[in-house]
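Number of protein chains: 2
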Amino acid sequence: MPLSGFPELLPQQRVVEDAVLDRLRRVFELHGFAHIETPAVESLDTLLTKGEIDKEVYVLRRLHADAEDGESDRAGGLGLHFDLTVPFARYVLEHAGRLEFPFRRYQIQRAWRGERPQEGRFREFTQADIDVVAKDVLPFHHDVEIARVMAEALSALDFLPPLRLQVNNRRLIEGFYRGLGAPDPAAVMRVIDKLDKMPADAIAVQLGEIAGLDEAQAAKCLQLAEIRTPDTGFVERVRELGVQHELLDTGLAELAAVIDGCAAVSAVSAGVTIEADLRIARGLDYYTGTVFETRMAGFESIGSICSGGRYESLATDGRTTYPGVGISLGVTRLLMPLLQRGRLTGSRAVPSAVLVALPDDASRPACDALAQRLRARGIATEVAAAPQKYGKQIRYAERRGIPFVWFPGAPDAVRDIRSGEQADADADSWTPPAHDASPQVLSQEALSQEVLSQEVTQ
Amino acid sequence: MPLSGFPELLPQQRVVEDAVLDRLRRVFELHGFAHIETPAVESLDTLLTKGEIDKEVYVLRRLHADAEDGESDRAGGLGLHFDLTVPFARYVLEHAGRLEFPFRRYQIQRAWRGERPQEGRFREFTQADIDVVAKDVLPFHHDVEIARVMAEALSALDFLPPLRLQVNNRRLIEGFYRGLGAPDPAAVMRVIDKLDKMPADAIAVQLGEIAGLDEAQAAKCLQLAEIRTPDTGFVERVRELGVQHELLDTGLAELAAVIDGCAAVSAVSAGVTIEADLRIARGLDYYTGTVFETRMAGFESIGSICSGGRYESLATDGRTTYPGVGISLGVTRLLMPLLQRGRLTGSRAVPSAVLVALPDDASRPACDALAQRLRARGIATEVAAAPQKYGKQIRYAERRGIPFVWFPGAPDAVRDIRSGEQADADADSWTPPAHDASPQVLSQEALSQEVLSQEVTQ
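These protein sequences, in sequence, are chains A and B. The opening residue of the first sequence carries number -7 in the numbering used here; numbering runs sequentially from there. The opening residue of the second sequence carries number -7 in the numbering used here; numbering runs sequentially from there.
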């Protein structure tokens, strides 16, 4: 019955995705990124601009067009966007006259691809993108900014397994291959990009056969790809390989600037490490300088969960070029394996912190008024659906994970149904503990603790 | 270039929609409604369950399927949802075993209809729905709850023109028509539903020709449709028409209960009035009791912006029936006319409350650190893009609507660039006024005041 590749969450799982999106949004806004949304739908012309026919676009057709005029509606040529970068490039061109550059934007939306579903791949998925785009020239410090902001955003998701934000620079690797005398640097990049999937000796063979390198050159390319440092130590290690090229110098300096610029963030980012990783090439993408990928510990097989980089021409109208730098977080790709394995869940399925018990049907208006006094102070509250015996009403709260039951009386009393503790309370002053006020995200560790403490109290 | 019917907002307009969605979400959660989202995509079988062929469904097809296997992919039969009720009904059936009933949910998502675009109609639009659904029996007090919660949510949107939430009851009008001896009550309802578009005497003629009523009966139906009271006064006015029917009695009692139950909310809901309006019938929809519509003052021509009601069978799997009551707010329909006319806008296009001025390129790390101290206290801050003359940096802030420019020094100083007032400040303690901390929604009245105060200070 469920459609394969179109994930759907239960309310308690939804708590987790909502927490992720709220925290991302908060960090992006603290850094001055403006929120935009674009339609889910773009013209096929826009979607296929970059010739990305491999993206498995979903084309739209009106149901009625089928019956009435066969194929004619196809002329409209609409499809669902498959990422947020292509729509953003169109947005920048369309609204350029009404935007201030450099323009920082974040965009959190779903995208669609008609791919064959497999682990870590979905037909409908949510992405969270940040980009800075400028007119003509985009200063390099924005590359550093993008890395810092996303690292800070990821570290706000403190319930995730450890993340590794890997940074490289296309100029660095292209300069290295050129300095080495590679006849086709792009071919080298494409082969090296398969390192995740193929053993090094098979890569060495392909570097000869496909990219035209001799054995010594191939060996150096593999040595370069092995360099990975949490600081600017990579510069010396590249120098030791003895390759010289102007582009390599530029690339080394840029990558060092990003790694240096992230040092401050790195220090505070529990769970997120930032490192130079010279294997990262971002395949055939249109990046021109800095490139980013991100791995989640224990989930390396799902690939990069957060990727991006610098593109010298995000968009162009022929006269003006808009360079950009950005990074895109695959929210669905990141969360679904954790939710499916039960590694993350919400602490309850409803927002309610309090259930107001209902003594009898005649008391409903009084109970509603009581609930409203709690809500007026920001406490999510519901009133019991029916005037059952109090034991049944407590179980009603228990099944929903609502921590407190409020008993109207003179005076009122409130019970923490986990501990059974009950005390007199006033709806105009009582406040639940902060961690009970709204549903929390529980990670596997917290979950076992929860189970433990339940066992202890029983 | 823009696709007709697919609205897209500039960042400053986006502030308004974000504020609307945040406030709705807050009220819904305060009342214990759980958040769910469903895929944008459903099987065509699901979408066309109710035989709603008139809904102009967008059907999906993979681009590659076009080339490779022609029509064969159609067998997959996927389409975009055209509302949030059909997907919710499918969700309830699919997950019934893992949900607790009565189940309160809110759902805020886009929907799509391949309609011809016109004022107030869009091909892609956002809806905010709340529903309560139960197994087998749903007590009537949830009808009151739904009205109260949506009224409270609407009144939280205090920048909107006055809203009128109109309530009626299908049992009331059906009972009235039956008591009157109408041979086909449904036909009467369909004719009466045209009262917005046709004059009363034309309706009277149709009541005779289509619904088979005599002149006296038609006159009474029109008299009923004229009844509109802010309180339970409608009961007496209906009784005065001298029609008797058991179903009419039930309907009168139910509608009185909703209106009574909303009295408390009504009193506090600045800008939202709730009234019994016996003209409301919700056309051919599948409602069985309470029905809701909502009009916005000055924008009556766009129709109801918030509609819903009670349906005795939201979903059924043959054995179990799930009755529900809900209401759906057309966020896009509501906002677009206000945004397009400039009646609402955001106070600025960026979240930033502060621009940290940059004395020279070498100071960037120090300025970044300074900005980070402000952000750590929740103050959205950006650092100037380039070390231009301070006058230029102030204009950079001005163009973006950023109210404060921070000048690093010993001590630092912060300037309100609207008043020109400048004072020494410490990044660990200075706080902007609450109304400057984040972008605000400005309504036309606020806008003219803003212009006025700018004129005064110049």
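Treat the hints as calculated values from the structure; they're not laboratory data. Each hint should be verified, as a subset may be incorrect.
Each pair may be met inside one copy or between any two copies, as identical chains are not told apart.
[Stated by the list, open to error] Listed next, the in silico DSS-like pairs over lysine-lysine satisfying Cα-Cα at most 25 angstroms (straight line):
id: 1; residue 1: Lys186; residue 2: Lys127
id: 2; residue 1: Lys189; residue 2: Lys212
id: 3; residue 1: Lys189; residue 2: Lys381
id: 4; residue 1: Lys127; residue 2: Lys381
id: 5; residue 1: Lys212; residue 2: Lys186
id: 6; residue 1: Lys189; residue 2: Lys127
id: 7; residue 1: Lys189; residue 2: Lys384
id: 8; residue 1: Lys127; residue 2: Lys384
(message) So, against the hints stated earlier in the document, which numbers end up violated here?
(response) Going through the list in order, the structure violates hints 1, 3, 6 and 7 and respects the others.
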